[in-house]
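Chains as they are written, first to last, in this note's numbering: chain A, 1 to 238; chain B, 1001 to 1365.
None of these hints come from the bench; they were simulated from the model. Any given hint could turn out to be false.
Unchecked claim - Sample of chain B residues with no beta-carbon within 12 Å of chain A, all distances over it, derived: (1) Ala1039; (2) His1042; (3) Lys1062; (4) Glu1072; (5) Ser1216.
Said to hold, decoys possible - Taking lysine-lysine pairs in the DSSO-like style, the calculated list, with each CA pair at most 27 Å apart, reads: (6) B:Lys1025 / B:Lys1062; (7) B:Lys1025 / A:Lys172; (8) B:Lys1352 / A:Lys224.
The C-beta atom is built at its ideal place from N, Cα and C for all residues, glycine as well.
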Amino acid sequence: MIIDATGLHFRDLNDKIRGGGESIRIEHCLGQRYILSGQKGKKVTIAGTPGNALGACLNGCDITVYGNAQDAVGDTMNDGRIVVHGDAGDALGYAMRGGRIFIRGSAGYRTGIHMKEYGDKKPAIVIGGGAGSFLGEYMAGGVILVLGLGLEGCPLGNFTATGMHGGRIYVKKGQAPPHLDGRLTVGDADEADLAVIRPLLDEYAAAFRVKAEPIRKAGFYAIKPDTDNPYKTLYAAN
Amino acid sequence: MREELREGNIRIPSGCAVSGIFNRKGTRFGGEAIIRSIAVLHERSNGLGGGFAAYGIYPEYKEYYALHIFYERDAAKTETERFLNRHFDIINLSKIPTRQMPEIKDEPLIWRYFVQPLPTKLAGAQLDEREYTARCVFRINAGIEGAYVFSSGKDMGVFKAVGYPEDVGRFYRLEEYRGYCFTAHGRYPTNTPGWWGGAHPFALLDYSVVHNGEISSYDTNRQAMEMFGYHCSLQTDTEVIAYMIDYLNRKVGLTFEEVAEVIAAPFWQTIEQKPEPERQRLTYLRQNFAAELITGPFSLIVGFKGGMMAINDRLKLRSMVTAEKGDFFYAASEECAIRAVEPALDGVYAPKGGEPVIMTLENGE
Chain A
1 MIIDATGLHF RDLNDKIRGG GESIRIEHCL GQRYILSGQK GKKVTIAGTP GNALGACLNG
61 CDITVYGNAQ DAVGDTMNDG RIVVHGDAGD ALGYAMRGGR IFIRGSAGYR TGIHMKEYGD
121 KKPAIVIGGG AGSFLGEYMA GGVILVLGLG LEGCPLGNFT ATGMHGGRIY VKKGQAPPHL
181 DGRLTVGDAD EADLAVIRPL LDEYAAAFRV KAEPIRKAGF YAIKPDTDNP YKTLYAAN
Chain B
1001 MREELREGNI RIPSGCAVSG IFNRKGTRFG GEAIIRSIAV LHERSNGLGG GFAAYGIYPE
1061 YKEYYALHIF YERDAAKTET ERFLNRHFDI INLSKIPTRQ MPEIKDEPLI WRYFVQPLPT
1121 KLAGAQLDER EYTARCVFRI NAGIEGAYVF SSGKDMGVFK AVGYPEDVGR FYRLEEYRGY
1181 CFTAHGRYPT NTPGWWGGAH PFALLDYSVV HNGEISSYDT NRQAMEMFGY HCSLQTDTEV
1241 IAYMIDYLNR KVGLTFEEVA EVIAAPFWQT IEQKPEPERQ RLTYLRQNFA AELITGPFSL
1301 IVGFKGGMMA INDRLKLRSM VTAEKGDFFY AASEECAIRA VEPALDGVYA PKGGEPVIMT
1361 LENGE
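All chains, please: the whole structure from these sequences, using the hints.
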């Protein structure tokens, strides 16, 4: 089913999507918010520029955007997959608790903050370009993979992983990540890490039709919380 | 009749939308484009304020200050015109043309005057022309009840009201104006109730500011500005930002790059990592203009004669994207507001926190 989003309010667009079967193509999307929020069981492609909070609380759809996405993609997402053939705005995958997000280009500030995992719910974000400051701030679980494709130097901003106490962030090797907090460890990704990275990288490569092998060969840093020196009594001695 | 509560008497627990379009060759284009852009961001406003600043719209009067004034009653108009006649030559005066429409209610009297300072008065005051005009604006706004000068630049004008911005644009017949730069604001007042004067842009002389955010340094900034003679009468944070930009650029003589390094100064730890002499320069700016640092979330679009600046707070707590297409430069809260005007952009850029994006006319006029 094809939906022409021209002039549609987000409420009407979401109503059409809800009543529109399992496979939907949205055309001329321009700024409509909350697309597919909380929904499951649909395969949706979007041409244009979806508005903020695309796939917020998503519960199991497969979304592909041909264009850039704005702020708060996959906010508190629970399950499913979001693929963006472009860049993403700020607060991507905020408090994400399941599912996978693939951004071909770069992501803005505060990507993946408060991400968490439990049991078999392990969220993952893969960013082809760079990430803005505060990547993985207060991260509690899940995986963030930053490939830095086409970028010189380290593809991370300032204050990466501040307050991180779970999960892992992988970044392409090269220039070391700047000014990381002392409660984190940074080292080369080991075999166990590569076992996590490999399927995500393969999925990125398949989604955007690039070759995984040269990216993988360059190697990765792994940023993890330092379990010997965790965040504690940061604000108060209790 | 119940007196409506205004800024300062009531606090309403915030969002906002900003957009700007600038042609670097100075080619003038119609006001309908900026309306189309800000209309896409409708959800970011709540109908309690919308407005526009337009540059290059009065070429036939570009030598004169264009005063746009709200009057709440006839007496305020009489008194203000008496004041204007004592201080200025009034070259032309008229009501600002508007369109009656159900979406815009309770409008004040809205007048426009093209003026130039009386030479004898100006000489007697021993002030430069811009300072003289700015002081007159403050005297009207602080001293004449029911009169509010909301625009006072040359070859530019502010148009604002209570309503959604796209309605405000139609109300003011913005499509009938042509300029080289337009900025727009959709208001979602969070702390104050919204009235005509409290809508954005806030402007003084050629400087105009549209703002999304809520600054936590308001009182520090206000006290600093009041020491330099800026009277904050509206108790809204954006007003003081407009005055700080006027102060830093016009009075102190900082460039807009430096203004950005003052209002969104880098963190000390960032400054420490810079090589000399950059470290020394940034330290100087932070220390000397500590009271003009803006803290708290903001995204701003600043309009000025021949240019436009987009800037975020250092932590980028509000959104801003910029884009280009040919001679046009765009900045907005969301990419969709730019795509609404120009679907095929040359490139889209997300400025970093505290990183100004400044565009000026190529011919430097």
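Okay, the hints, checked on the actual structure:
no. : hint                  : in the structure
1   : Ala1039               : violated (10 Å)
2   : His1042               : violated (9 Å)
3   : Lys1062               : holds (36 Å)
4   : Glu1072               : holds (36 Å)
5   : Ser1216               : holds (19 Å)
6   : B:Lys1025 / B:Lys1062 : holds (18 Å)
7   : B:Lys1025 / A:Lys172  : violated (42 Å)
8   : B:Lys1352 / A:Lys224  : holds (25 Å)
In summary, the structure is inconsistent with hints 1, 2, 7 from the numbered list given earlier, while agreeing with the others.
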